[in-house]
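Asker: Chain residues, written in single-letter form:
There are 2 protein chains.
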Amino acid sequence: MDMHELTRELHQKNDSKIVLLVADGLGGLPLTPGGRTELETAATPNLDALASRGVCGGMIPVKPGITPGSGPGHLALFGYDPLQYRIGRGALEATGVGFELGPDDVAVRCNFCTLDAEGNIADRRAGRIPTEESAELVKRLRDIRIDGVEIFVEPVKEHRFVVVFRAPGLGDRVDDTDPQQTGVPPLDPVAHDEASRRTADIARKFIEQARQILADQPKANCLTMRGFARHPNLPSYEDVYGLRAAAIAVYPMYRGLARLVGMQIVGQAQTLEEQIDVLEAEWQNFDFFFVHFKYTDSTGEDGDFQAKVKRIEQLDAVVPRIEALNPAVLIVTGDHSTPSFLRRHSWHPVPTLLVADACRTDACQQFGERDCVQGGLGQFEGKYLMLLALANAGRLEKFGA
Amino acid sequence: MDMHELTRELHQKNDSKIVLLVADGLGGLPLTPGGRTELETAATPNLDALASRGVCGGMIPVKPGITPGSGPGHLALFGYDPLQYRIGRGALEATGVGFELGPDDVAVRCNFCTLDAEGNIADRRAGRIPTEESAELVKRLRDIRIDGVEIFVEPVKEHRFVVVFRAPGLGDRVDDTDPQQTGVPPLDPVAHDEASRRTADIARKFIEQARQILADQPKANCLTMRGFARHPNLPSYEDVYGLRAAAIAVYPMYRGLARLVGMQIVGQAQTLEEQIDVLEAEWQNFDFFFVHFKYTDSTGEDGDFQAKVKRIEQLDAVVPRIEALNPAVLIVTGDHSTPSFLRRHSWHPVPTLLVADACRTDACQQFGERDCVQGGLGQFEGKYLMLLALANAGRLEKFGA
Numbered sequence: 001m002d003m004h005e006l007t008r009e010l011h012q013k014n015d016s017k018i019v020l021l022v023a024d025g026l027g028g029l030p031l032t033p034g035g036r037t038e039l040e041t042a043a044t045p046n047l048d049a050l051a052s053r054g055v056c057g058g059m060i061p062v063k064p065g066i067t068p069g070s071g072p073g074h075l076a077l078f079g080y081d082p083l084q085y086r087i088g089r090g091a092l093e094a095t096g097v098g099f100e101l102g103p104d105d106v107a108v109r110c111n112f113c114t115l116d117a118e119g120n121i122a123d124r125r126a127g128r129i130p131t132e133e134s135a136e137l138v139k140r141l142r143d144i145r146i147d148g149v150e151i152f153v154e155p156v157k158e159h160r161f162v163v164v165f166r167a168p169g170l171g172d173r174v175d176d177t178d179p180q181q182t183g184v185p186p187l188d189p190v191a192h193d194e195a196s197r198r199t200a201d202i203a204r205k206f207i208e209q210a211r212q213i214l215a216d217q218p219k220a221n222c223l224t225m226r227g228f229a230r231h232p233n234l235p236s237y238e239d240v241y242g243l244r245a246a247a248i249a250v251y252p253m254y255r256g257l258a259r260l261v262g263m264q265i266v267g268q269a270q271t272l273e274e275q276i277d278v279l280e281a282e283w284q285n286f287d288f289f290f291v292h293f294k295y296t297d298s299t300g301e302d303g304d305f306q307a308k309v310k311r312i313e314q315l316d317a318v319v320p321r322i323e324a325l326n327p328a329v330l331i332v333t334g335d336h337s338t339p340s341f342l343r344r345h346s347w348h349p350v351p352t353l354l355v356a357d358a359c360r361t362d363a364c365q366q367f368g369e370r371d372c373v374q375g376g377l378g379q380f381e382g383k384y385l386m387l388l389a390l391a392n393a394g395r396l397e398k399f400g401a
Numbered sequence: 001m002d003m004h005e006l007t008r009e010l011h012q013k014n015d016s017k018i019v020l021l022v023a024d025g026l027g028g029l030p031l032t033p034g035g036r037t038e039l040e041t042a043a044t045p046n047l048d049a050l051a052s053r054g055v056c057g058g059m060i061p062v063k064p065g066i067t068p069g070s071g072p073g074h075l076a077l078f079g080y081d082p083l084q085y086r087i088g089r090g091a092l093e094a095t096g097v098g099f100e101l102g103p104d105d106v107a108v109r110c111n112f113c114t115l116d117a118e119g120n121i122a123d124r125r126a127g128r129i130p131t132e133e134s135a136e137l138v139k140r141l142r143d144i145r146i147d148g149v150e151i152f153v154e155p156v157k158e159h160r161f162v163v164v165f166r167a168p169g170l171g172d173r174v175d176d177t178d179p180q181q182t183g184v185p186p187l188d189p190v191a192h193d194e195a196s197r198r199t200a201d202i203a204r205k206f207i208e209q210a211r212q213i214l215a216d217q218p219k220a221n222c223l224t225m226r227g228f229a230r231h232p233n234l235p236s237y238e239d240v241y242g243l244r245a246a247a248i249a250v251y252p253m254y255r256g257l258a259r260l261v262g263m264q265i266v267g268q269a270q271t272l273e274e275q276i277d278v279l280e281a282e283w284q285n286f287d288f289f290f291v292h293f294k295y296t297d298s299t300g301e302d303g304d305f306q307a308k309v310k311r312i313e314q315l316d317a318v319v320p321r322i323e324a325l326n327p328a329v330l331i332v333t334g335d336h337s338t339p340s341f342l343r344r345h346s347w348h349p350v351p352t353l354l355v356a357d358a359c360r361t362d363a364c365q366q367f368g369e370r371d372c373v374q375g376g377l378g379q380f381e382g383k384y385l386m387l388l389a390l391a392n393a394g395r396l397e398k399f400g401a
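Going down the list, the sequences are from chains A and B. Quick note: the first sequence, position 271, residue 271 per our numbering, numbers continuous. Quick note: the second sequence, position 127, residue 127 per our numbering, numbers continuous.
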């Protein structure tokens, strides 16, 4: 049974406030076996006090051993089974640059590439041309016109950009044109159903016109397409939980993910402190607040243990301001682990704490990986976190008589 | 979603080695409440050192409270959901005597039985006739000929034997002929679909000819048939994990189970020490090694606590030889618990340890039931163990972007 069938049936409204504070990539590893992780190393008096008052656990984002990307990691935290709801690469990329996908859109992730005189790919990334150069070329591709379809071209970074085709009934079952190797020409976009045939035709015409526009380019004289994807059509927070939800995130990717589940994006914060300003300002306007902190992930990906420790301490410092708002439920977690030891996302359970009046406090006195393993929430799949949030907020009725 | 859809999509190859050391029936119970289990009693300095360096947990073979047979227990360890993949009794029995089932085979487990003068069953097990006598009768049954079908008859133990019918398109939806009581005649083999009707006809003819051959026997003058089953058609390790896998097992049952998932059976080892010789000899030829140790189970089934303790100590003694090979991932676990207190398989979680560079060590210092419950792997379903093995070996890509 879909958990949302249950929450649709059981949720009730009240005036409680829930805060979900997500430190991206929070979980870590020690640099030497038996040593301390980043979170265990950081001085976190405020998070430790929350752990003492609250209940802790190890959150498994997808399944044991599965390392999630940001999309599945956040879907799980939002209560959407990441194995059931999959966001296509193109849709995630469009979302990531802040493009608001509509129901008639098919988004495609594109790479500029270099073709040699024979029409074979010499460089799949067009020498990783600088972002500014790439953005200029993207502007020129906006001149492309195809009958019956609206086209959007958005720069991403270096050789990467996004194309969105908007027309009623377009399918997204179209194969990638990137052959994943050099010395061969780009592939033809092959469709796998009737609705996608039109998408493939449009893609073919787009590529044709693009090659004319790019013909004079020394490096970026062609493009490949990957991850054709429609809007994932996720049910909204209002629908499944009866929550008016707000997202306070700095990076477009996370604002986009929140928008996909019907959260309203509030504020223009650039720093964590400004994010808390927005939280305070919007406190009366929503039931649920998703606050996203990016830098615990990026320092982990940089492999910078000490920088990640510092970022965790920065997070700890704003906790009293959130507590002062007196949320009914405060959750601190991450969307996945990003140990600086590995310099990438990992599969390890994410330290998670939940504070609420009736949370049934456990023995955890510190917020850290090894303490959380002993916590009262045990190890649990991320998709259940929202059920715990709603329950602790008094927002779920009894199931059955 | 099937976990193998995920592993097919995410697995990547590298030169890491994974060792899965299975001590059959490893988990135990204390003889008196609050006492020590077999594993907690055994002197296991090497396993304790692994537990200290690694991460521990309690592996639930199927679901809490479910006691698995060897088939489901091993399927779970191999990453095949034992509730989804069921190996029919006949196929398991054939596998257990080392018979290599093919795609056109239907295997049936048979019992010699005694009929009285009225044709009613007087003894369902033919007085448990000795294995040697039974084997002689099995040889005589090999004279049975039925048009269009190849027939194999293999002895098992005492009154038990296996019959395999080989012909294209045979179904296995045929009811047992054993009425499970005495004083009534054997049942007719009833088919439940068209493909199985032919199998039932063949079975009927087989039984008819067998009764003529056995007519002069004082005890074993008839037979009953149970568990008609085709090859379970499990996807292979190469297919679902991209692993070249080897099995080093002494007993035919476990060699057979490994063969069903596409492992290659290597060596002719008769002792644990010889099994490790084979492991060393084959180290360069495979990515994954399943090493099966039987005697922790058989001593448990004998109800011999001290003998099980000794067998665990024997296992502990070979650990340094495995470590010396420097596997990327070393897992020690069992397929189920076999407490000598109960003298049979049980449902209790199985102590499990995993050692790898990025395993996130927990506080466990000893390898034992109560320590493992506190471990960093928590309690987890056996079918997820292979995901953890692959993740720790760097053999799983990120899920989603």
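Some hints here could point you the wrong way.
As the list makes no split between identical chains, a pair holds if one copy fits it or if it spans any two.
As the list claims (entries may be wrong) - Here are the computed lysine to aspartate or glutamate pairs in the EDC-like style, where the Cα-Cα straight-line distance is at most 16 Å:
1. Lys63 with Glu238
2. Lys63 with Asp81
3. Lys157 with Asp175
4. Lys63 with Glu381
5. Lys63 with Glu5
6. Lys205 with Glu133
7. Lys398 with Glu118
8. Lys205 with Glu9
9. Lys219 with Glu132
10. Lys63 with Asp201
11. Lys157 with Asp176
12. Lys139 with Glu194
Rather than coming from a laboratory, the hints here were simulated on the basis of the structure.
Asker: Could you tell me which of the hints above the structure violates, numbers in ascending order?
Answerer: 1, 3, 6, 7, 8, 10, 11 and 12
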